[in-house]
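Visitor: Sequence:
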Amino acid sequence: MLMLALAPGTTIGAEKRASMTVVMDDNYPPYIFRDAAGTLSGYLVDSWKLWESKTGVPVTLLASDWAVAQKRMKEGQADVIDT
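The opening residue of the sequence shown carries number 2 in the numbering used here; numbering runs sequentially from there.
One thing to keep in mind: the hints can contain errors.
Said to hold, decoys possible - With a cut-off of at most 30 Å between alpha-carbon atoms, the simulated BS3-like pairs for lysine-lysine come out as follows:
| id | residue 1 | residue 2 |
| --- | --- | --- |
| 1 | 50 | 17 |
| 2 | 75 | 55 |
| 3 | 72 | 17 |
| 4 | 75 | 17 |
| 5 | 50 | 72 |
| 6 | 75 | 50 |
| 7 | 17 | 55 |
| 8 | 55 | 72 |
What the hints assert, rightly or not - Restraint ranges, calculated between C-beta atoms of paired labels, are given here:
| id | residue 1 | residue 2 | range |
| --- | --- | --- | --- |
| 9 | 48 | 19 | 19 to 25 Å |
| 10 | 66 | 17 | 27 to 33 Å |
| 11 | 68 | 30 | 14 to 20 Å |
Think of the hints as simulated: they come from the structure by calculation, not from any bench. All of these numbers come straight from a predicted model, not from anything done at the bench. Ideal Cβ placement from N, Cα and C applies to all residues, glycine included.
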């Protein structure tokens with residue numbers, strides 16, 4: 002996971018971020034998947050929620066096909082791509 006570089010106590014920049022957008026695959030259970038209602042679930046969702054609560058930085062998770070996630074990252078639509 003890329004979260005190590007973003008762990009509390011790690012310097013990202015001089016200022017605290019207002020928010021972060023994380024892109025990822027949406028079908029890699031048990032790490033990330035959509036439940037019967039279409040809601041994102043899995044270890045990565047839980048990890049990012051914990052990171053958000055510890056840092057106070059809101060995180061938006063965008064899960065999609067892996068190729069789409071890579072494209073979003075490449076085009077600057079996300080701050081982090083998680084695997």
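Visitor: Now, for every hint given, state plainly whether the structure supports it.
Guide: So, going through the hints one by one against the coordinates:
A threshold of 30 Å between alpha carbons decides the hint, and for residue 50 with residue 17 the separation of about 17 Å falls inside it, so the pair holds. Distance restraint check for residue 75 and residue 55: the Cα-Cα separation of roughly 28 Å lies within the 30 Å cut-off, and the hinted pair is therefore satisfied. This hinted pair checks out: residue 72 and residue 17 have alpha carbons roughly 26 Å apart, not beyond 30 Å. Of the supplied pair hints, the one linking residue 75 and residue 17 holds, its CA atoms being roughly 23 Å apart against a limit of 30 Å.
Restraint check: the Cα-Cα separation between residue 50 and residue 72 comes to about 24 Å, which is no more than 30 Å; the hinted pair holds. About 24 Å separates the Cα atoms of residue 75 and residue 50, which keeps this hinted pair within 30 Å; it holds. Our distance criterion of 30 Å between C-alpha atoms is met by residue 17 and residue 55, whose separation comes to about 13 Å. Between residue 55 and residue 72, the direct Cα distance comes to roughly 29 Å. Compliance with the 30 Å bound is thereby established for this hinted pair.
Look at residue 48 against residue 19: about 21 Å separates their beta carbons, and that is inside 19 to 25 Å. Restraint check, residue 66 to residue 17: a C-beta distance of roughly 32 Å satisfies the suggested window 27 to 33 Å. Under the hint 14 to 20 Å, the C-beta atoms of residue 68 and residue 30, about 19 Å apart, fit the expected range.
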